[in-house]
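Student: In the order they appear, the protein sequences are chains A and B.
Just so you know, the first sequence maps onto residues 1 to 294 in this note's numbering.
Just so you know, the second sequence maps onto residues 295 to 559 in this note's numbering.
Everything labelled a hint here was simulated from the structure, so no lab data went into it.
Take these hints with a grain of salt, some might be off.
A few chain A positions that, by computed beta-carbon distances, are all more than 12 Å from chain B [unchecked claim]:
#	residue
1	Gly27
2	Met56
3	Glu135
4	Leu191
5	Phe229
With the C-beta cut set under 7 Å, the calculated list includes, among others, these residues of chain A facing chain B [unchecked claim]:
#	residue
6	Ala139
7	Gly144
8	Gly239
A quick note: this is a predicted structure, and the numbers were derived from the prediction, not measured.
In this text, a Cβ means the ideal position worked out from N, Cα and C, and glycines have one as well.
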Amino acid sequence: MATATVNSECDSFIHRIGRMTLAFIEGLGGLALFFLDLLLWLTTRLPRRAVVLPCMYQIGVESLSVVMVTGAFIGMVMAVQSYDQFRYMHLETNLGAVINIALVKELGPVLAATMLAGRVGCAMAAELGTMKITEQIDALRVLGANPIHYLVVPRFLACVLLIPVLTVMADAAGVLGGWFISTQVCGIDSLHYWNHTQAYIGWYELASGVAKSMFFGAAIAVVACQRGFNCSAGAEGVGRAATEAFVYAFVAILVVDLFLGIVFNAIYPFLGLSTASLVMSAPHQAPGFVALWT
Amino acid sequence: MNAEPLIEFRNVGRRFGQQQVLRDVTFQIAPGESVAIIGESGCGKSVTLKLMIALLAPSTGDVLLNGRSHFERSERELTRERLRFGYVFQQAALFDSMSVEDNVAFGLRQNTNLPRDEIAAIVQDRLHEVGLPPSVCRKKPAELSGGMKKRVGLARALALSPDIVLYDEPTTGLDPIMSDVINELIVQARERRTITSIVVTHDMVTVGRTVGRVIMLYPLPRLVDDEPQIIFDGTPDEAFSAADPRVYQFVHGQAGERLQEMAMR
Numbered sequence: 001m002a003t004a005t006v007n008s009e010c011d012s013f014i015h016r017i018g019r020m021t022l023a024f025i026e027g028l029g030g031l032a033l034f035f036l037d038l039l040l041w042l043t044t045r046l047p048r049r050a051v052v053l054p055c056m057y058q059i060g061v062e063s064l065s066v067v068m069v070t071g072a073f074i075g076m077v078m079a080v081q082s083y084d085q086f087r088y089m090h091l092e093t094n095l096g097a098v099i100n101i102a103l104v105k106e107l108g109p110v111l112a113a114t115m116l117a118g119r120v121g122c123a124m125a126a127e128l129g130t131m132k133i134t135e136q137i138d139a140l141r142v143l144g145a146n147p148i149h150y151l152v153v154p155r156f157l158a159c160v161l162l163i164p165v166l167t168v169m170a171d172a173a174g175v176l177g178g179w180f181i182s183t184q185v186c187g188i189d190s191l192h193y194w195n196h197t198q199a200y201i202g203w204y205e206l207a208s209g210v211a212k213s214m215f216f217g218a219a220i221a222v223v224a225c226q227r228g229f230n231c232s233a234g235a236e237g238v239g240r241a242a243t244e245a246f247v248y249a250f251v252a253i254l255v256v257d258l259f260l261g262i263v264f265n266a267i268y269p270f271l272g273l274s275t276a277s278l279v280m281s282a283p284h285q286a287p288g289f290v291a292l293w294t
Numbered sequence: 295m296n297a298e299p300l301i302e303f304r305n306v307g308r309r310f311g312q313q314q315v316l317r318d319v320t321f322q323i324a325p326g327e328s329v330a331i332i333g334e335s336g337c338g339k340s341v342t343l344k345l346m347i348a349l350l351a352p353s354t355g356d357v358l359l360n361g362r363s364h365f366e367r368s369e370r371e372l373t374r375e376r377l378r379f380g381y382v383f384q385q386a387a388l389f390d391s392m393s394v395e396d397n398v399a400f401g402l403r404q405n406t407n408l409p410r411d412e413i414a415a416i417v418q419d420r421l422h423e424v425g426l427p428p429s430v431c432r433k434k435p436a437e438l439s440g441g442m443k444k445r446v447g448l449a450r451a452l453a454l455s456p457d458i459v460l461y462d463e464p465t466t467g468l469d470p471i472m473s474d475v476i477n478e479l480i481v482q483a484r485e486r487r488t489i490t491s492i493v494v495t496h497d498m499v500t501v502g503r504t505v506g507r508v509i510m511l512y513p514l515p516r517l518v519d520d521e522p523q524i525i526f527d528g529t530p531d532e533a534f535s536a537a538d539p540r541v542y543q544f545v546h547g548q549a550g551e552r553l554q555e556m557a558m559r
């Protein structure tokens, strides 16, 4: 019988590509199984309030200031960077629409999620990783608690439920920051600034940004907790788990953002809302990108 | 052994990636026995404990509890069976974010519907049993010394009144006096209850004081092909006077040919 053997010491370019591909598929599979386990526990039994509330405090309350400061500065930077371009075209009163739609639809949710991935995702991965290597996760199992149920479900719930609040706060801070620079520094008339903003931003824009943020929160929690649970031994292992948690969560946020952007744009015409704000350059037309995908 | 074994290892092997740690390990432990598993670092002692309590699954062979394989049990059943065990971890594995009281009460809160004051009373009782004052209740594990952490770990392991207590290197890293305290607590825990104790240790003082039977595992890379990994199974007295130089050298702390091996490198 013919047998095929693989020399594990081969290190050609093709072998390396093969190993990386296998590691990627294995990693993705591990993440999917971890998520399924989490969903199973989420639908079976919710954790106690005493376990969830500290997570909510850590993830929501303690992240609020940093998210708002980031949001405010992004709004201000956008105003500073865009003002000259719009002034040359005598469209400076449209600045409000540009800044605020970008903030509400994209920058607010993505930046709040990025800050959360950096501040909370890394901390979760490091905490769970430390628990793993000091056998605290084994201790939970010995004492009759399921680690996914006890450690991951509360963090997942806190991320998913509180990131919309953080996003709204980031949006609000960014809108105010943009308004401050545009009107108080650049001298744009406040009434026109808000009028243009109102014309282009509706509930759908706000809701789609907030809805996206919930998916970002889920991605951060799943990736960070999974990295923590798969942490290798030692301080180096914990450090690597924290770094991987941020990097993988950030990539996940961008990938999810792309697909959700496509989905939300695709379902927009079916909601019977005005299409005014979807494509600012041609508010009276059905958006081209939507047509492409529907 | 006349009684039906409480724990049985049948040709158990365990591999981590490319590294084989246990191979073809077979032994039985009867109810009420006190057994020490000894051996060099890396020979698979702690892995053996984790296989007993189904924190790890064997790569080959089978682990049975009361005659029933862990493989035959659902995850829910395994969770229930694990509550029959108390586990004293090597580094205590206390939950950092919780106070001592919450650590000891954790299993009771998680698995019983006892009222709060009854749980508090059990916690005080267990802390008293391991010689800790009530004032430690509010402290966090980071505020405790190594010996106190071990004692809190023991109190937590005993809180659910287990049938079987597993000790993973209970005296490692402690000074001789604290080691003696821990040894005494292991003996007392066994005398106060009808429990089976399994102690993984390098410490031959612990072996001499706390157990009636010794199993010695040998690291696989040092065994010749097909030689059993358990190279000794007998009483502590037999271990101290063993004819096998590998057992004799280990229990008497003699490096033997290891020094020659190091010199040759």
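Student: Each of the hints needs a verdict: does it hold here or not?
Tutor: Now the hints, each set against the structure:
no.	hint	result
1	Gly27	holds (16 Å)
2	Met56	holds (15 Å)
3	Glu135	violated (4 Å)
4	Leu191	holds (52 Å)
5	Phe229	holds (14 Å)
6	Ala139	holds (4 Å)
7	Gly144	holds (5 Å)
8	Gly239	violated (18 Å)
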